[in-house]
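Could you slot chain B onto chain A? The hints should help.
Chain residues, written in single-letter form:
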Amino acid sequence: MTIAAILLAAFGLKEALLLASAIFSVGVFGVLSRQNVLVILMSVELMLNGANLALVALGRAFLAEKGTAGPRAASLAQVFVVMVLAVAAAEAAVGLAILLAAYRRWRTANAGEISGLSG
Amino acid sequence: MDAIAFYVSGIVSLIASLLVVTRRNPVHGAVFLVLFFATVSLEFLILHAPFLAVIQVLVYAGAIMVLYLFVIMLLSLKPEELKEEVKAGRRVLAGAFSGGLFLLLAYAIRQSPRVASPSAADLTAPVGPAAPGVGTTEAIGLELFQSQVLPFELVSVLILLAIIGAIHLTRKQRAAPAPSVPLRQAATIARGALSPEPRPFTGGAGRPAGEPVRPAEEAVL
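Going down the list, the protein sequences come from chains A and B. For the first sequence, numbering that gives the first Met the number 0 begins at 0 and goes up steadily by one. For the second sequence, numbering that gives the first Met the number 0 begins at 0 and goes up steadily by one.
One chain only, chain A, in its complex shape:
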């Protein structure tokens, strides 16, 4: 794509959702491939952000519709993102507390070496 094409181009719901799913997939890759619990928790944050981006983009697509249903749907999508944000904060707090407790017990932050539950 040339620069002029980019300057004139618009972005639609498809591009926004593709970006969101790409971010989500990167988060999945981080959770599956890494051993450091801190990085795994950060990858979960990436996944939550991808979902948030998809929600906001879908709400923005509803805005262009006629009537009051579209703006209402957009507002509800953003309220949902606020809820996801609160859940993400709670998840980070509990996850990091578990990591600290596990570090005291095993002296490592490596998920492969924390194997007490498997006996």
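Calculated from the structure, these hints are not laboratory results. Being a predicted model, the structure only gives us computed values, none of them experimental. Built from N, CA and C at the ideal position, the CB exists for glycine as well. Watch out, some of these pointers could steer you wrong.
To be clear about the criterion: a stretch of chain A counts as covered by chain B if any three or more of its residues have a C-beta under 8 Å from a C-beta of chain B, and this derived list gives those stretches [claimed, not checked]: (1) 14-24; (2) 38-51; (3) 76-90; (4) 105-111.
Not everything, but these chain A residues come out facing chain B in the computed CB check (under 8 Å) [unchecked claim]: (5) GLY11; (6) VAL27; (7) GLY29; (8) SER32; (9) VAL55; (10) ALA56; (11) ALA60; (12) ALA63; (13) ALA73; (14) LEU95.
What follows is chain B alone, placed relative to chain A:
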């Protein structure tokens, strides 16, 4: 103009997220995560969500990242502890799985009638007449405290539980109090044990039995 900003911030956020999952040092990952949150906040701004853009910076980049950096500081991992022995096959498998997931999502997006509808073709198009207030603090607050007040209260309970759980998990473990004498006698009688005293509790609360507690280790924590 919006489209350029969206594409640039989208590419930067994608690169930053890839760096988050590939850097070995979690501090570097955290810094790239801050960059990622900033670019996502810019995308929220373009997508007509100014309140969320501010909240993203305040809560994610401000609060959650400080929490992460505090934990990194408390752990103070040495460079040799950061080495991860991940088999190459596992990394390839993870890449294949996440790539397949992305392709599946892309296929679903392509098939979706919602995406194909004309109103979704251009997210930079001007909004309808009823929409100018959408995304402001007022609109989100009204929705949050009128129709969504029950989920809002439930989220507050969830955060309270998370606080209690985090405090409980990170509290230093104290030795379990010895049971009172009548209870001990009752347990001995009930078991019909030959030994007059029950076996002493050898393990600490969070430590396997038989492994001695090193005093220096306890002092560090």
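Going through the hints against the structure:
1. 14-24: Result for this restraint: holds, n = 10.
2. 38-51: Coverage by chain B holds for the segment 38-51 of chain A (8 residues, Cβ < 8 Å).
3. 76-90: holds (count 12)
4. 105-111: holds (count 5)
5. GLY11: Because about 5 Å separates GLY11 (chain A) from the closest Cβ in chain B, which is inside the 8 Å limit, the hint holds.
6. VAL27: It holds, given that the least Cβ distance between VAL27 (chain A) and chain B is near 4 Å, below 8 Å.
7. GLY29: Result: holds, 3 Å to nearest chain B Cβ.
8. SER32: 4 Å, holds
9. VAL55: Check passed: Cβ of VAL55 (chain A) comes within 5 Å of chain B, closer than 8 Å.
10. ALA56: Holds, because the Cβ-Cβ distance from ALA56 (chain A) to chain B comes to roughly 6 Å (cut-off 8 Å).
11. ALA60: 4 Å, holds
12. ALA63: 4 Å, holds
13. ALA73: Holds: closest Cβ of chain B sits about 5 Å from ALA73 (chain A), inside 8 Å.
14. LEU95: 5 Å, holds
Checked against the numbered hints given earlier, the structure satisfies every one of them.
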